[in-house]
Amino acid sequence: MTRKDYEERPQSGRNSSPAERVLFGSIGAGLIALSLGQRGQVGTLLATGGALLVAGAAMGQGLGETVTGVRRTEDDQIKVEKAITVGMGADELYTFWRNFENLPRFMDHLESVKVQDGDGQRSHWVAKAPAGTSVEWDAEITADEPGRRIAWRSLEGATVPNEGAVEFRPAPGDRGTEIHVSLTYRPPGGTLGATVARLLGEDPNVQIEHDLRRLKRLLEVGHIPTTEGQSSGRKGALKAEARMYDNRRTS
Amino acid sequence: MKAVVWQGVNRVSVETVPDPQILQPTDAIVRVTKTAICGSDLHLLDGYVPSMVHGDIVGHEFMGEVVEVGSEVRKVKVGDRVIVPFPIACGKCWYCQKGLTSLCDNSNPNPGLAEKFWGYSPAGLYGYSHITGGYAGGQAQFARTVYADANLFKVPDGLTDEQVLFLTDIFPTGFMGAENCQIEPGDVVAVFGAGPVGLFGIASAFLLGAERVIAIDRFPERLEMARTYGAETINYEEENVFELLKEMTGGRGPDSVMDAVGLEAQAHGLLGVADAVKQTTRVLESDRPHALRAAIMACRKGGTVSVPGVYGGLADKIPLGAFMNKGLTMKTGQTHVHRYLDRLTGYIQRGEIDPTRIITHRLTLDEAPHAYHIFKHKHDGCIKCVLDPWADPKDHEPTPAPQPQG
Ligand SMILES: [Zn+2]
Ligand SMILES: [Zn+2]
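So the protein sequences, as listed, match chains A and B.
FYI, UniProt numbering numbers position 163 of the first sequence as 163, with every residue one higher than the one before it.
FYI, UniProt numbering numbers position 255 of the second sequence as 255, with every residue one higher than the one before it.
Derived from the structure by calculation, the hints contain no laboratory data.
Don't take each hint at face value.
Unchecked claim - For each label pair, taking beta carbons as the anchor points, the in silico distance ranges come out as:
| id | chain 1 | residue 1 | chain 2 | residue 2 | range |
| --- | --- | --- | --- | --- | --- |
| 1 | B | 274 | A | 170 | 43 to 53 Å |
| 2 | A | 89 | B | 115 | 23 to 33 Å |
| 3 | A | 235 | B | 218 | 36 to 46 Å |
| 4 | B | 23 | A | 132 | 46 to 56 Å |
| 5 | A | 126 | B | 277 | 51 to 61 Å |
| 6 | A | 236 | B | 327 | 51 to 61 Å |
Fair warning: this is a prediction, and the values are worked out from it, not measured in the lab.
Virtual Cβ for every residue (Gly too), placed ideally from N, Cα, C.
Please model the entire structure based on the sequences and the hints provided.
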């Protein structure tokens, strides 16, 4: 992102006001206080939720953003920007990404990407949507600088009009390559739709962050670590408690 | 198989659970032949480490024999006798390549949770809550180990289980604690806490060239053990530690001070009570930093404070004024176990250190709840318990029933 982009980006409210932090912190403390009266897993959950809120307050995370996780551009689109450093060269990373059919390997919500015949500029994307449905669209490449940058945008008729870009920048020292991703999209129902989706666990911010981490692990290690299926002394309802903490299921 | 399972604050039990399986091609299954209880397991027992779940298998100091390997495991073979470092290294990321294995970028399957608490996620750890990955631990008859080629270390022939078991954690932890003291010839090192890590810290400080080491604790048997490692001792219940340290060092103060106590330090006076009260809420203060405060105050000007003790969250009233105005350096961290193994194995092979000396109790896995109890309350002169997951409980003397808390 250039300096100019940064200045133009609307205020996200990332840093909360002192009042908000106090409020936020006290919600956390309140949950903890409640948890003290509870035994078993309910207590643990409340306590952990409270601790997370307090930690958030300590780090100055805004209440609004933490609850909704949504950042809007001036024309009411949603913009997500995330970065990660991967210990590989920019050319290798570019090649992996440029083959869009690799994307569903680490983007959890993508079902498939098919590059269409011809000049390879067009592709067909299928994404999983809430409640077992799916969303499909066609996209075209709008910029392609080998080893440096790829940009794309959806074509007319997409349910969720979107555009995105990925940049590969050499990291200092022997740290590998920084991957910077930005996505802009207009969800059905505008911001409200996105807020609702976020509360249902479909937040694009978190998704992209997880996706990039999966990419890093896939490329650096060969697979993504898991505890799914490991042994434990858990029975029945307690499994849900473990799921609260784990991104993956633990049985 | 049998495993030690966390059942809530102050409750661990030995239960029959499913045997572990290979879940990923880089996994290996280890038949655990010796495992130990660590001081940091007590923070789990006491409920100060967030994100433990009922039914979690605990234990992060363990070793054994490889009985099964995944399809991508190359260096490790079935039948190898191995130790398992407690932090999990992927072996590939920048941190692992730099030897900073406890900071591995890739081995924690739950990095989001750690990032909420700490900003960034360190490595996954065995048997140490879901914030560090939720991996099942090794106080069990078998354990699933991950990234076997990067994490399992073959035990050299001629060394017993007990001689190498502590290479998984407390020996390298004490050693890194001493290394973080930045010892120079002639230095005097003070070590708060003469538990297992403190004792290895004392021995390591001498190995690294300290002229004198002063150990601070309140349990006579620990202080006695510290003296056998060559340390001078202070019982903090009987002496004014700050004054005595100053006097013992000609008014200069120790060149470096190690906090080998961590988040559940004992303290007297108003601050100690305030900490204890706040900490019971688990949120107003998650850590009781008394040893850290004392370490910062006692350290000489321009000296180094080394913190191998475990802290989890937020701590109150750290004397930052003293820290800044005296120009101190603080060095901390979970142990990068892997980077120390060759060197420390050498010390053991050459007889320069005998790690088995700190073992006071050898018990069966079935006796784990009792072992936790005597270790926590320092009953029966307990300094370090080693558990044998395969010993028949009938071979052992019956152990006395746990005494009431207190
Ligand atoms: Zn430990
Ligand atoms: Zn790593």
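Hint-by-hint comparison with the structure:
Our hint of 43 to 53 Å for residue 274 of chain B and residue 170 of chain A holds, since their Cβ atoms are close to 51 Å apart. For residue 89 of chain A and residue 115 of chain B, the hinted distance range of 23 to 33 Å is satisfied, since their beta carbons lie about 27 Å from each other. At roughly 41 Å, the beta carbons of residue 235 of chain A and residue 218 of chain B sit within the given window of 36 to 46 Å. Distance hint check: the CB atoms of residue 23 of chain B and residue 132 of chain A are about 27 Å apart, inconsistent with the given range 46 to 56 Å.
About 56 Å separates the C-beta atoms of residue 126 of chain A and residue 277 of chain B, a value consistent with the hinted range of 51 to 61 Å. For the pair residue 236 of chain A and residue 327 of chain B, the beta carbons lie near 57 Å from each other, so the given range of 51 to 61 Å is met.
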